[in-house]
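One line per chain: the protein sequences are A and B, in this order. First residue of the first sequence? That's 12 in the working numbering, and the numbers climb one at a time after it. First residue of the second sequence? That's 35 in the working numbering, and the numbers climb one at a time after it.
Some clues are possibly wrong.
Listed below are the simulated DSS-like cross-link pairs for lysine-lysine, each with C-alpha atoms no more than 30 Å apart in a straight line [unchecked claim]:
# : chain 1 : residue 1 : chain 2 : residue 2
1 : A       : 80        : A       : 14
2 : A       : 80        : A       : 63
3 : B       : 91        : A       : 14
4 : A       : 14        : A       : 65
5 : B       : 43        : A       : 80
6 : A       : 80        : A       : 65
I should point out that these hints are in silico values taken from the structure, not numbers from a laboratory.
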Amino acid sequence: LAKTTQPISMDSYEGQEVNITCSHNNIATNDYITWYQQFPSQGPRFIIQGYKTKVTNEVASLFIPADRKSSTLSLPRVSLSDTAVYYCLVGDVFSGGYNKLIFGAGTRLAVHP
Amino acid sequence: DSGVTQTPKHLITATGQRVTLRCSPRSGDLSVYWYQQSLDQGLQFLIQYYNGEERAKGNILERFSAQQFPDLHSELNLSSLELGDSALYFCASSGGAAREGPYNEQFFGPGTRLTVL
Chain A
12 LAKTTQPISM DSYEGQEVNI TCSHNNIATN DYITWYQQFP SQGPRFIIQG
62 YKTKVTNEVA SLFIPADRKS STLSLPRVSL SDTAVYYCLV GDVFSGGYNK
112 LIFGAGTRLA VHP
Chain B
35 DSGVTQTPKH LITATGQRVT LRCSPRSGDL SVYWYQQSLD QGLQFLIQYY
85 NGEERAKGNI LERFSAQQFP DLHSELNLSS LELGDSALYF CASSGGAARE
135 GPYNEQFFGP GTRLTVL
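Using the sequences and the hints given, assemble the complete structure.
Written out as structure tokens, the structure is:
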């Protein structure tokens, strides 16, 4: 599984756009990039997943450059409720039938009034 | 609500004891995963079951064991408990079918908080 590097923490203010970048220099051809969100004392929640270019859903966008060695999670107009830990995961979820998620330390996002 | 249920929510026990944590996956999900989250080690994958069979193992101690029953619910058994086993234990489930999208999105339960005194 590719190793990921993301900032330990970030601060933002309500209404701003937040971009969290994850580096994954050793990403393999079959790897997908997935982001999860976790609130204190709750289980992680899937946010978005992509393979290349741009993916957008109702809560976020995921930008993946052509070389796929990094990805950026974009949260538009954050609110206080977006304060959470965000995890970037990279892997071929179908490799050998193994679907274990390898969570790193994640990025602690604090949104201020 | 993810659709995954875990019981109990809280568990307080003493060192050396044995406990069982229970997980019911989302309806229709065949895969169940167990994770441990402690303050100093983050979220660690323990083990995965798919349709009753062990599929993958992570950092699971020999004192821990798990199983998935024919009705697809799963139990995680922790024995000879130590202080360091105090943590949040999460269960997650996914469909497990190939190429469903988002690919193998895992749905996490609310967790069981285990405190070993």
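Going down the list of hints, with the structure as the test:
A threshold of 30 Å between alpha carbons decides the hint, and for residue 80(A) with residue 14(A) the separation of about 11 Å falls inside it, so the pair holds. About 10 Å separates the Cα atoms of residue 80(A) and residue 63(A), which keeps this hinted pair within 30 Å; it holds. Restraint check for residue 91(B) and residue 14(A): the C-alpha separation of about 19 Å stays at or below 30 Å, so the hint holds. Only pairs whose Cα atoms come within 30 Å are accepted, and residue 14(A) paired with residue 65(A) is accepted, the gap being roughly 21 Å.
Between the alpha carbons of residue 43(B) and residue 80(A) the distance comes to roughly 40 Å, so the proposed pair goes past 30 Å and is violated. A distance of roughly 14 Å separates the Cα atoms of residue 80(A) and residue 65(A); the hinted pair therefore holds under the 30 Å criterion.
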